[in-house]
Structure formats: C-alpha cells, structure tokens
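In this text, residue positions in the sequence shown follow this note's numbering: the first is 44, and each later residue adds one.
You may find that some hints are simply not true.
[What the hints assert, rightly or not] As a list, the in silico SDA-like pairs of lysine to any residue whose alpha-carbon atoms are at most 20 Å apart:
1. K156 x T199
2. K156 x G118
3. K156 x I88
4. K156 x L201
5. K156 x E116
6. K156 x G191
7. K156 x S97
Since the hints were made in silico from the structure, they are not lab data.
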Amino acid sequence: MAPTLPTGPGVGRSHHGHPPTDPAVHRPQPILRPRSLRRRPEGLIVRCVVLQTSPVFGEVSANVEALADLISETGPADLMVAPELATTGYDIERLATMGRELAEPIDGPTTQKLSRLAIENELTLVCGVLESDGDDLFDTVVVCLHDGSIVPYRKTHLYPAERDVFTPGGELLTVPTPDGALGPMICFEHAFPEIATTLALAGAEIIVIPSAVPNGFEHLLELRSRARAQDNQVFVIAANLAGSGFCGRSLVVDPRGEVLSEAGAEATTLAVELDRSLVEEERRTEPALELRRPDLYS
44 MAPTLPTGPG VGRSHHGHPP TDPAVHRPQP ILRPRSLRRR PEGLIVRCVV LQTSPVFGEV
104 SANVEALADL ISETGPADLM VAPELATTGY DIERLATMGR ELAEPIDGPT TQKLSRLAIE
164 NELTLVCGVL ESDGDDLFDT VVVCLHDGSI VPYRKTHLYP AERDVFTPGG ELLTVPTPDG
224 ALGPMICFEH AFPEIATTLA LAGAEIIVIP SAVPNGFEHL LELRSRARAQ DNQVFVIAAN
284 LAGSGFCGRS LVVDPRGEVL SEAGAEATTL AVELDRSLVE EERRTEPALE LRRPDLYS
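Starting from the given sequences, assemble the full structure and let the hints guide the process.
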C-alpha cells in the first residue's frame, strides 16, 4: 500500500483562497529531511532548466552521473526538471522482467544522490525514478529541494501497457518550494484535464510533467502541455526523454498557453526564466478557475 503523505498548513487552499474540489490533493510535509540549509529568498523570477536526457536502460549509476554533469554544465538555476524514469531508462517490456532489480525505495541511494545534487547546487530538482515499496513498483517523480527535503509523487493514471508493471499511486499533491508551488504529473497524465485543474486549485503555479513520450506522439505532447497551461493559467514544464524511440520535444509553456522554449529530438537542455507574476495576471484577465461550476460537472 502507498504511504499517506502528511499534510501541512494551508492544505487545500487555492491561489484565490477557494477550496479545491478534490480533498485528495495535499501539500505534504517532505517525508525526508536530512538537514536544513540556508533558504533563498522567494522571488517572482524562476530560472528553470529542462534536462532532456537519453538514459541507457538499466545503467542507473551512469545515468545519475550524466544528470550530475548536465546540472554542473548548465550553471545556476532555481528549478531543474528531468524526464520520467530518467535514472533507469524507460522500456516497459524490460521493466516487466527487470524492474525489481532496478527499483529502490525512496530513501535508497539513487534518490539520496539526487537530493545531494539539489543541496549542492541550491536548487529544486524534479526527476523520475523507479520506486519499490514492498512488492509494489511505482513510476515515481521525486521533488528534491535544496534544504534536503524529498517529496515523492507516484503516477496515478497509468498507460494501459504500464498497468501490469506498476501500481498506481493514490493521491495528487502540490509541493511548496522557494519558487512557488509545484504540481507534479507524469507523461500520460497530461491527457486528463482534471488533474491539472485540481493541482491549480490546490495552489500550483508551475506544473511539471516528466515524460517518456514516444515518436509519433509529438503533437500530443505539445497540444496537451499548452492546453493544461492555458486551461489553468499556470506554467507547464514538460521534460521528455530523447533517443531510443522517444520524441524529445520537451517544452516550457506560459500561463497563456504560449510556448516559451521547445527542444528538438536529441538530448539537450532548455534554459528559461519564468515570471510567476504572469500567473496572477492571467487569472485576473481570465478568471476561469474562479468561475467554474463544479456543481454541474458530476
């Protein structure tokens, strides 16, 4: 069974102070907090880097080292986002037979290495990992903050081919960071508008979507990322895998649904500055979230 993450103060309040419609959305207290470090003052400009990587399947240590090199090479940032299962690689047929060998608990060595990267570089690092918990495997994203906090999100909406390999997570969550609240989603979950809206109602200003979108589905990666951003007046950062059948095409979208930066098909990085004031500005201009009629939707 998936552990229940504890909630923190202010859980369930939207950007405008209205309660969300889904009580399962939480702003958890981080479950791992090795130590406390100096916090950066919160600001409206967020320096974001997307790490579009091409991991070698099963080579976890090498893949993490490659991430570390990229983080070092790209210079200062506040937020970095890596793809779905960026540490193990994504091959659903091989994961069905090798997943238990590659998976680790959240407090395992791979996540601890990712956490150290966040601490050493004073940033928030979002990265896909393969998590084990008892007999269950989870397609998980960890949000590692620079104070040592680690918050995991388990993919709740599994693609049909994944349902025999992974156990679905049981809750949505938002993660408070020094640079605004993040709302994690994973790949196929961009197909569900309700997820992004639930996260936005719970306070998310930046939705991060680590992904493993294959060749031939580039149009859905862009279309859905832009739609989720514009629907909810949030930034969307979609970090996709490259190589080995994956389409790349990672992108960063602003609260109007405009693409700020988009990658090609090869492994690369994107560096973008996000102005968080645009979230409030767009929500004043088009207050779609405030004018929802949830009583009509059930």
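Hints the structure violates: just list their numbers, smallest first.
1, 3 and 4
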